[in-house]
Amino acid sequence: MRFMVLVPGSPESEAGEMPSTELLGDMTKYNEELVRSGVMLAGEGLHPTSRGARVRFEGSERSVTDGPFTEAKEIVAGYWIWECASRDEAIEWLKRAPFDGGVEIELRQVFDAEDFGEQLTPELREANERLREQAAQN
Amino acid sequence: MSPSATQRAIDAVWRIESVRLIAGLTRIVRDVAVAEDLAQDALVAALEQWPASGIPEKPGAWLMVTAKRRGIDELRRRVTFERRRELIGRELEILQQLDQPDLAAQVDDVQDDVLRLIFMTCHPVLSREARVALTLRLLGGLSTPEIARAFLASEGTVAQRIVRAKRTLAEAHVPFELPGREELTERLSAVLEVLYLVFNEGYAASAGEHLIRPTLCADAMRLGRILAALAPREPEVHGLLALMEIQASRLRARVGPQGEPVLLADQDHARWDHVLVQRGLAGLRRAEELSGTLGPYTLQSAIAACHARARSVEETDWPRVVALYDALAALTGSPVVELNRAVAVTMAFGPEAGLELVDSLADVPALRGYRLLPGVRGDILARLGRLAEASEEFEHAAALCENQRERELMLSRAAACREKGPCAA
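Protein sequence lines correspond, in order, to chains A and B.
In this text, residue positions in the first sequence follow my numbering: the first is 1, and each later residue adds one.
In this text, residue positions in the second sequence follow my numbering: the first is 139, and each later residue adds one.
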């Protein structure tokens, strides 16, 4: 099973401040553990939202807003992609991450094509995945 | 936390900790059977205590300390006069470790122990089957019933295989140590072989009703990632992991809606798993950077990468695939590789050239009864328009298939040839 772990932003991450040396060290150790256990497939940190943009959809209208964005809670600052045997294993790994201060980290299971079941007709599935393939090759 | 939630959390902790636990304990007691028993005892203690006390803050450390305490008792019990001095020294070492509040300091030690354990469970003194079963059990964290299900064997057979393997290791006094430089290549290739056997059993189930068993592939890849982290300078470790990841990226596309196999040429590339493709290609680059001459797994992953990079079968760089197969055939001398090479030659230089190669393999003893020999010959004959002969070859191949899904595919290809060309002969 594949999982995505979403790490929310903070005023510090939004200001582009690097975490303390101590936290960086703990995080490096934690990442090493994930790699050594064969769990981590990918993981990246994101630039502050000041370097991002939002696109709003309304009918045929597309309006673009440049960052920064203010609602820090809704901002994603980084993510991991893990391969685990179960949701419980993923939770157990997440509990070991070096976070503090009331921050909440979200764990989500990644869809397999099989999870869509009947909702996704073969034609829709094919179209969907063709687009995804093109995106991956660009 | 409800009892069942605690139970599930303990399972998860076990999944994460069992390898390091067993490896660390093997270093102390020098016997994998005793080490596994101690680890299991610690797990039982956790099952008894954690529902009431709550899960400790560092569950892995808790298990290790509990198991080591029991390990010391075990050592005291087993101690014989002549071994006493040696064991007293080791006991002191363990007691000192127990005094350290933070076990994280020992992580690097434990990492080496895990590597020692892998070399032990893949030791040449064991049969291949025993290596596979013991490695899945001690390093993959699979239970005996899970291993039995994976290999379609009875639980009793697998349990006995594991017990015997542990006994063989003990009786042969296989040391708990990393192989020396001079035997490293050979021993490492034994380890890689075990991982690839597990992967292949998941990727192309040799028997039974289902074509693939994805969890076995996932187990093999997880072990491959662990090994790559433990031995990051070994090109073939990265080569094998890349090979598994690139092949596994096609798992979803390899099986049709009715569970039937879908050949590479007919696969919808959009269904490939692109996270695995990217990881595989990156792993291959690392293997190539570390290699002098490319080893067999790196060559195979380079071939798999040619397919992964191509947008379609027609756009595949077939001459490069042929060149890689040339190198692989020279390295391994394997007739199966020669057969694969014939397929690549067919695609690169036409079916006549391919057929000539396949026919040169007709009398090779190692390929007698091998289902893919008539399967490939049938495919080439079909390309040449010799449909009646092709149909016969596919039927021959079907008779040799042990996997039901594969057999059905061969029979349907035979039927398609008959329909298309009744007068082709």
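A hint or two may mislead.
With a straight-line cut-off of 30 Å between C-alpha atoms, the simulated DSSO-like cross-links for lysine-lysine are [what the hints assert, rightly or not]:
no. : chain 1 : residue 1 : chain 2 : residue 2
1   : A       : K29       : B       : K558
2   : A       : K95       : B       : K196
3   : A       : K29       : A       : K95
Covered stretches of chain B (in silico footprint by chain A; criterion: 3 or more residues with CB under 8 Å from a CB of chain A, positions within the stretch not fixed) [stated by the list, open to error]:
no. : stretch
4   : 466-478
5   : 517-531
It is worth saying that the hints were derived from the structure and are not from the lab.
All C-beta atoms, glycine included, are put in the ideal place defined by N, C-alpha and C.
(request) Would you list, in rising numerical order, the hints stated earlier that this structure does not obey? (result) 1, 4 and 5
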